[in-house]
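The sequence shown maps to residues 90 to 527 in our numbering.
Hints were generated in silico from the structure; no laboratory data involved.
Predicted model only: the values in this text are computed from it and were never measured.
Just to be clear, a hint being listed does not mean it is correct.
[Stated by the list, open to error] When the alpha-carbon atoms are kept at most 20 Å apart in a straight line, the in silico DMTMM-like pairs for lysine to aspartate or glutamate are as follows:
no.: 1; residue 1: K177; residue 2: E164
no.: 2; residue 1: K397; residue 2: D516
no.: 3; residue 1: K408; residue 2: E479
no.: 4; residue 1: K102; residue 2: E179
no.: 5; residue 1: K527; residue 2: E188
no.: 6; residue 1: K266; residue 2: D520
no.: 7; residue 1: K177; residue 2: D264
no.: 8; residue 1: K448; residue 2: E280
no.: 9; residue 1: K526; residue 2: E395
no.: 10; residue 1: K366; residue 2: D151
no.: 11; residue 1: K360; residue 2: E468
no.: 12; residue 1: K287; residue 2: D319
no.: 13; residue 1: K379; residue 2: E300
no.: 14; residue 1: K448; residue 2: E275
no.: 15; residue 1: K360; residue 2: E396
no.: 16; residue 1: K448; residue 2: E300
no.: 17; residue 1: K287; residue 2: E429
no.: 18; residue 1: K527; residue 2: D269
no.: 19; residue 1: K366; residue 2: E188
no.: 20; residue 1: K454; residue 2: E468
no.: 21; residue 1: K397; residue 2: D359
no.: 22; residue 1: K102; residue 2: D151
no.: 23; residue 1: K527; residue 2: E377
no.: 24; residue 1: K397; residue 2: E188
no.: 25; residue 1: K360; residue 2: E394
no.: 26; residue 1: K456; residue 2: D359
no.: 27; residue 1: K397; residue 2: E164
no.: 28; residue 1: K526; residue 2: D269
no.: 29; residue 1: K290; residue 2: E451
no.: 30; residue 1: K315; residue 2: E300
no.: 31; residue 1: K401; residue 2: E385
[Unchecked claim] Per label pair, the in silico range of CB-to-CB distance:
no.: 32; residue 1: G213; residue 2: F498; range: 34 to 42 Å
no.: 33; residue 1: R126; residue 2: R320; range: 42 to 50 Å
no.: 34; residue 1: S168; residue 2: S323; range: 58 to 66 Å
no.: 35; residue 1: K360; residue 2: E414; range: 26 to 34 Å
no.: 36; residue 1: T373; residue 2: Q278; range: 21 to 29 Å
no.: 37; residue 1: F498; residue 2: Y390; range: 26 to 34 Å
no.: 38; residue 1: R141; residue 2: L463; range: 28 to 36 Å
no.: 39; residue 1: E179; residue 2: E289; range: 42 to 50 Å
Here a beta-carbon is modelled for each residue, glycine too, at the ideal position from N, C-alpha and C.
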Amino acid sequence: MYIFISHSSFNAKVALELCAALEKEGHQCFLAPRDIRPGHEYAEEIINGIDRSDSMIVLLSDQSNHSPHVLREVERAVSKSIPIIIYKLEEVVLTKSMEYFLMAHQWMNSENDIGYQGIIEAVGSFGDAQRKQGVKKQEGKKKPFFGLIGSLTIFCILMIMVFRLYMAQPMDIPDIKVGDTIVFGEYNQEEIQWRVLKVEKNGTEAVLVSENILTMKAFDAAESGKYNYDRGISYWAKAADAEADLELQVRLKGNSDWGQSNIRQWLNSDKEVVQYKGQEPSVTAMSELKNGYNTEPGFLYGFTEEEKSAIKEVQIETKGNVLSEGTNITMDKVYLLSKEELTWFSEAGINLLAIPTAKAVEQDKTKWYESYSLDLGVEAYFWWLREPEEGSVSKCYLVNNGYAEETLFTNAAGVEGFGIRPAITVDLRADCIAEGKK
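With the sequences and hints as input, model every part of the structure.
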């Protein structure tokens, strides 16, 4: 059988394990982003993967329950009458949309499914049922004439739908162009001003970047839980020892891998209490013992449901660090920019330099903004990119504050006094986007 595995990127490890178990039994799986062919449009590949599937397995977690990406996949499967198995990874209260599509399908609990055996058996039973159904369909096949009439009818209906969509589309897209300002969402009890950095070719989506630096945070906490310490040993005077051990560097100064970073988890969470994987970004895991954010609600916590729905979950490609290697592919609603994406600023006529909000300065306990910017006569400040320094496992790139000639510099992921300037991809047809245009 050909099986589409629908999941949130937060559950990628479970998805890979389940995929391996199913394929070992002779089934074929579609698993994004693994099976997205290079050079092909991501959304089209997903649709094709669902349409050719015999069944879909939904890995249900809190993240997938609130993922518009997963919801669209489920909706597509239901519209195509594709059988769905819901594989529950944790107890969740379904959103109304998920409840509408999933309640009539088969449910399984991962706690009772040792080694994925139960789900493999369920997939097998689907296969048996479909084979029997195929025999019955063959026996009761209608005459070709009626099949031709039915095909022509469906074709006509589809053409009418395409025509209506084509005619309606320009009316649905607001007049938003690069460089525009949009007020959208809230952080630190203040409305966020975004700049339109790039409008996609289809005209319905755009990349926005915050006008200002919204907060000062570390990219990732020292995995040991105490910056530059590991198992009671101080490495402040033993830098050479740390340089020779890449895994030790991550434990001492944080991980520069975007996919595993604390800042990625915080930016993509809408929860009052963020559940971090690995070492949480506590105060003790920061270089200056300041600006811990493990007790702070996720960045999306201050967004309304309508605003969160307008943000697209998109595939993000990031260079891996020395340990992760290759290209790091994640599915994110909120992200930091890469070095390559900085070219969009000049194309959009937007200033690369950014000034922190008054709330960001007030929230920052390091007070570095005054020392490293204001005392030097500049208002702009440093802000993180998601890209690791070449040859390093603990250093990431940042945009400079304009005082030095260099546009970029690097620092350790666990240094907490630098700025966060988020980026998002939004649906321009959403009412809240059009209403927020200034």
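For this session: Identify every previously stated hint that the structure contradicts and give their numbers, smallest first.
Result: Checked against the structure, the hints that fail are numbers 5, 7, 11, 12, 13, 19, 23, 26, 29, 30, 31, 32, 38 and 39, while the rest are satisfied.
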